[in-house]
Structure formats: C-alpha cells, structure tokens
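Chains A and B, in that order, are what the protein sequence lines are.
Read in order, the letters of the first sequence correspond to residues 1 to 406 in full-length UniProt numbering.
Read in order, the letters of the second sequence correspond to residues 1 to 406 in full-length UniProt numbering.
Honestly, the hints are just simulated from the structure, not real lab data.
Treat the numbers as computed from the prediction; the structure is a model and nothing was measured.
Hints are not guaranteed to be accurate.
Short, incomplete list of chain B residues facing chain A, as computed with Cβ under 10 Å [claimed, not checked]:
1) Met16
2) Glu156
3) Val196
4) Leu197
5) Asp200
6) Cys218
7) Gln219
8) Ser304
9) Asp365
Mimicking SDA-like on lysine to any residue, the simulated pairs with C-alpha atoms at most 20 Å apart in a straight line are [unchecked claim]:
10) A:Lys250 to A:Gly54
11) A:Lys119 to B:Gln328
12) B:Lys342 to B:Met352
13) A:Lys109 to B:Gln367
14) A:Lys109 to A:Gln74
15) B:Lys109 to A:Ala72
16) A:Lys36 to A:His98
17) B:Lys342 to B:Arg310
18) A:Lys342 to A:Asp323
19) A:Lys250 to A:Asn212
20) B:Lys109 to A:Asp152
21) B:Lys109 to A:Lys109
22) B:Lys35 to B:Gly54
23) B:Lys342 to B:Leu360
24) A:Lys109 to B:Ala24
25) A:Lys36 to A:Thr18
26) B:Lys342 to B:Asp353
27) A:Lys119 to A:Arg167
28) B:Lys109 to A:Ala139
29) B:Lys35 to B:Asn21
30) A:Lys109 to B:Leu360
31) B:Lys109 to A:Pro19
32) B:Lys109 to A:Gln74
33) B:Lys109 to A:Lys119
34) A:Lys109 to B:Arg310
35) A:Lys109 to B:Arg334
36) B:Lys109 to A:Arg186
37) A:Lys119 to A:Pro19
38) B:Lys109 to A:Asp335
39) B:Lys119 to A:Val15
40) A:Lys36 to A:Ala72
Each residue gets a CB set at the ideal place from its N, CA and C atoms; glycine is no exception.
Protein chains: 2
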Amino acid sequence: MKYHPDTLVPHKSAVMNTPANILAEDVCLPAAVIKKSALENNIRWMQQYADTRGVSLVPHGKTTMTPWIFQAQQQAGAWGIGVGSAWQASVAMASGIHRVLMVNQLVGKANMQLISRLKAHYHDVDFMCCIDSLTNARALSHFFTACGQTLDVLVELGVEGGRCGCRTPDEALALTQAVSEMPGLRLRGLELYEGVLHGDNPQPQVEALLQNAAALACQMAPQVDGEFILTGAGSVWYDVVCNVWTTAQKPPQCRIVIRPGCYITHDLGIYDEAQQQLMARDSVACDLGGDLTPALELIAIVQSVPEPGRAIVNFGKRDSAFDAGLPQPIAHYRDGQALALKSGEIASVGIMDQHCMLTLAADSDVQVGDILVFGTSHPCLTFDKWQTLHLVDDDYNVIEELVTMF
Amino acid sequence: MKYHPDTLVPHKSAVMNTPANILAEDVCLPAAVIKKSALENNIRWMQQYADTRGVSLVPHGKTTMTPWIFQAQQQAGAWGIGVGSAWQASVAMASGIHRVLMVNQLVGKANMQLISRLKAHYHDVDFMCCIDSLTNARALSHFFTACGQTLDVLVELGVEGGRCGCRTPDEALALTQAVSEMPGLRLRGLELYEGVLHGDNPQPQVEALLQNAAALACQMAPQVDGEFILTGAGSVWYDVVCNVWTTAQKPPQCRIVIRPGCYITHDLGIYDEAQQQLMARDSVACDLGGDLTPALELIAIVQSVPEPGRAIVNFGKRDSAFDAGLPQPIAHYRDGQALALKSGEIASVGIMDQHCMLTLAADSDVQVGDILVFGTSHPCLTFDKWQTLHLVDDDYNVIEELVTMF
C-alpha cells in the first residue's frame, strides 16, 4: 500500500481555505453540515424533556458515531450513551463516556474479546449489553468467567414477528432465573425497543408492550441487586414510554431510561412527522417551550442544467440517506447570495451514486454553479457517509470539523 | 475532541488475534471480506477482455475507493482509473495512479482549487474531467487560466431525461467550438455513460447513442490535437460499446476507453444478472474462458433466534448495500465447520441499521452464534460502509487489510 494519507486532502469535504465559509465554496462540496444553534437546541430540549419527566436520557449514539457530539450530550446531562455494537462501545469509551448501554446482543469471540479488553482498560465505565437467549447467556458467562470478569446484562423483551428479544414474560423470567445462577453475568434490568411495532396505529400495542414490561420488571426485580434499569424508547414513542412507565407499578428502585437517537439532528422527513405527532399528543413536550429543529443539511452544487426542467446536483447515494425519502432543496444561493425558493419549485426526483436529479418548475432560475441546501430524512444513514461533518454557525461559517467513527 | 484513535480498536471489523481467520472469529464481526482469488480473477478477466477487444480499460474507481485495488488494476494493465469527484481524484493520485479520468463535471471553487493543487503536485499525472455547458467551461477556463494551468476536458454527451451531458450533437459541437477558443481548456475527446438508458430492452437505444457519439467524434476531431479519446461503458454494456465503436467510423487517432467498475468484485445480484446477459450475447467474452466471479462477501453472526422460523443476524444498513436487493446467505458455519445450506432455506427479508431479519425453513438448524456468509448486490454501496475490508484466501485466512478512502 503506497497511499500517502499526508497528502493534499484529508477527507472528501476538505476545507481548502481558512477561515472557511460553506457558501463561499471554501470547502469541497458536497458537504454535510450541522448547524450549531440547532444542535445545541436539540441537546438542551431533549435533556429538559427527560429531566421534566424524571427519567434518564441515554441518547442512541449509533445515529452520529461522533465523539464530539457524544461529549456534548454527556456534558448536558445524559446518563450514558447507547450503542449497537462492540466497536461502537469502544468509540464511546474512547470518547470519554462514563456509561455505555450496548442495546444489542454481544456475539462472536472477537467482539467478546474487545469488550473484555475495554472493561479492563476503562475500568470506571459502566457497561452493559442485552441478552435474549440461554445460548448467548451461557457463552457470555463462560467467556467472561474465564477472563475473571463479570458482564452486566439487561434481558431484552421483544414482540412476535419483531427483532430480537424474548417473546413472552415467561421466557424472560426463565432467562432471568438462569442468569442469576451464572457466575460471569450480573443482571441489571430489562430492555425493549418499541420502535419495531408498526402499522396504522401502533400506539395501543406500544402501550401494551410497555405495561407488560413494567409487570415483568416487578417479577424480575428480586434477581437484581440495587437499582433496576427499565429502558426503551427511540425518537418516535418516548412520550408514551414515559407516560406508561412513570405511572405503572415498578420495582422499588427503578430507573427509567429513554434512548432516542435521531432527535440530535432531527430531520425534515420521517422524524419531523413523528415529532409533530408527539407534540400533538403530549402536553409535557408542548409545555417545555420550543421544539426539536433540523440541524443536518447537505450542501451541493448544480453541475448541469442539461434540458429545460432538469438539473443535476453533485451529491448522491455516496453522500446521503435515501431510504426514507430523498433530500429536498430548502435554500438556493448564487455567488453567496440567497435566491427566493418557492415550495416545490425544485424537487429531487432521482439519485445515483454521485448525482441527484432535480425537476425544476417552468419559471425556475437554476444555473450551473449555484449552491443548493438540502434537508434530509433519516439522519443515521447520512452521518455514516461522512468521515467529517462541518459544524457551522447560522451564516455557514465553519466552526469545527466533527470527525465520525464508522 | 478527546477521542484517542490510538486506542484499542482502529476500525469496526478489527482483527483481535493474529494470524486471523474469519471463521475462527478472530475478527470483530460483521466484516466485509474480499476473496483474493476472485479479485485477481476479475482483474485479469476484464483486462484480457479489453486487450482482446483492442480498447483501453479505465476501471471506475468510485466502486471501491481502495488504493490497494487501484494499484492492482493499474499493474494489470489498466490505462487509468475513473473517478466521480475531485476528492476521489486526489485519492487516485495519492495512490500512485498515472492517469485519472474524472467522469463528471468539476464545479465549485474548492473543488477547482483541489484539482489545481493536484495538477501542480502530481505534475506527471494525466488528468481530465467532463464538461457539458458553456457556463461550466467558462468558469473552468477562467479559473485555470488564472492559475497558469490548462485543464484537459472531455465533452459529455447525454440523453433526454437522463443525467448530465449535451442533449444533441449540435450542442456538443457548439461547446467543442467554444472550448477550442478558451485559453484554460484543452479538449481531449468525448465521454458518455450509456447506463442511464433503462427500460425493457434498452440495447437499441444504447447502440443508437453509441453510433451518434462516433459520428460526433469525427466532427469534433479537428479540434483535438493528437489522440482522440472516446469513452463510455459501465459494467452492463461494455460489450455493446466495444461492438459499436470498434466497427464505427471514428477519428483517425482514436482511443476507445471502457470504464466498468462493479466487475471488480462482481456480485450475486444485479451485476450477476447483467453479466449473464452479456455472456449470452457476446462471443468475445465467451471465448475468453472463465468469467467474473463474486469476490465480496459479508460475514455476520446469528445473534438471536427469538421464535420459530426467524433469526436475527448482526449486520444492517450500516454495513451493506440494500438498494438492489438484500444480501442473501450463501454459506453457514458453526464452530468453524461448514453446514449444509439448501437454496432458500435461510432468506434475508428485512434490514434495519444494525440488524438483518431472516426467515428460516421449518427444518432449518440455525443457532445463536452461528456464522452466516452473505453474497451481496451492488458492491459500491457496500464498500462505502467500511473503512477496512479484509482480503482473505479461500479458507478465510486474513491476508491483508484493505483501507478504503470514502
């Protein structure tokens, strides 16, 4: 390998001039930017929500995998960071996070070795992962016993036809009993992810699952020393999780933990819709004042206007999520100046690896070299396209380069 | 930023033991692996195909963005490497590639600055990019003239309703004429991408486009000093491009350049289907002997078998392309030993960020902790999920870690 990383550019949206302004094209475009004011608003808003509800916030870190953001979330009061894999746990710990919830099963020898080494190296970090089978529990107990370590675990409760998790309270109780007799494991509580429930109106099913979980927690509680952790909630149902669990009968020392992830940058797609529904049904969220606001944008350049009504912009599947709607234009600039952009005047209609195809209204004035700003849907899969995102102020001055770890 | 990259793991599929074998779980799974024998076969096969046809091969590097692979392709005889952006061009040049075709428009001040710096730094590299508008041509000429440099360009020919490119030969000729008078630009030839043509049987349209391009090239030729570059062909129609262009009337000194990308790892999805169709219609490919073979696999672990007929495996949208069919199981291992896997016995039916959902046949024996090997569809979007892929031998011993640059 003769590649020299000390060469001219460190990553694909490199800063070419400093100080750098995105609209002045000081950065190689396309670029992903995070608006600092919106990011800070979202961190503050969700922490206030959790505080008001009397629950703990463990933001799901897999959304951003950005150490700078993990640290900002912890500094604002997050009780820990959620992750989806052993590698993600290593990134969280190396970022200085004190408590890491791996809301997933730990499988495979190398992944277990990694967690063992992390526990030895970061001995002050409170780490736990999820189990849903005797097979996995035995393998983990065997491995960590041989390492002279104890692994903290949460039993996962699932739903028929869903993802992981014990399908019935009886299964979960049997697993609880078995774990209590395994030398390498320490039971800490119960985990679920209600976001696997879909359909026209999943709320009653979500509420039933949460009620079952609270009742199950009471039955499991004798096998847990000290505080019982009861955790659920992605970015769609966190109000319902709080409603049900704060009022349900629970173990005496019970910490409710919510784990939204996508709130951190919010979006202009599926999570915007979910949050609007939440604000409509949840008086606590309304009374807080303010709301989540989109923080993540894609900035790209028009590279071709090859025929009337059509333009091509220089981002593609390599730069953006496209699984929950295409990024759509929200602002239009030429030579650094904003142009008027009517709703629907420019629309993304197709995407390839390095290109996005736009339709233009008949009276639209779009030229090669113009900058378009795009709002996104589903932040997770946009973050993982970038080794670096640019933190910007409201005038698109680059404040800091945020390094991701995917 | 307190993140310490010198910590325990350098990337998400880190090697935990050396020597490392994937099936022995010495590597954090999931992992993306490339079979060396298949990769070498594909590099050799496509180079032989181009040599036999008497055309030049410029593999599209955006597929892999892997310097080690760029170098292997160049060593095997590739005339250059294709890229889709200025950043990708910088990676190719830093990898020691002597000729870089940016088969895309160069727009934006920072991207132009980057190319200018690259041209100054790698002064022996032959670089060219595409133009399809006077606006872009004027901006480029102005910029590179101010830098005291000349930018080599190819005029792009497109199709109505397609992506970039002049829509008619007359437009392309007008642009050719204008470019010949611009001090900062040097015209090198004509580029197109026939892969934007879709439909039930696009072959006649593809052939018509190629014929038009050859005729256009003859008209453009007086404005090109020396060799005329005529380039097209992704991984689907490269035989048709060779058929039409090797027999058409062309400029006297004409180099035909084909640019397939996905052939490098091939797949078990859309490109397998395309290659089967090509082998059925193209006697040159058949007579070569051998064929492309899938080189890219995902290796993952079963983390949950929560109910009859259902298993969850630990890769997801964060690890794999999912835009052209889900990765499907092709092999099953337990404790390092292969188990029989009947066709359709295990099937991927859903994917989330960190999980893939499988259905199991009634008599299927799948257990938590088993390893499943998955074939993929559309390699580009799997490569860009990994900072490192593992080059393995046929027994899944890790030979080398291949670093990607996305």
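Hints that the structure is at odds with (numbers, increasing): The structure breaks hints 4, 5, 6, 7, 9, 11, 12, 14, 15, 16, 18, 20, 21, 22, 26, 27, 28, 30, 32, 33, 34, 36, 37; every other hint is satisfied.
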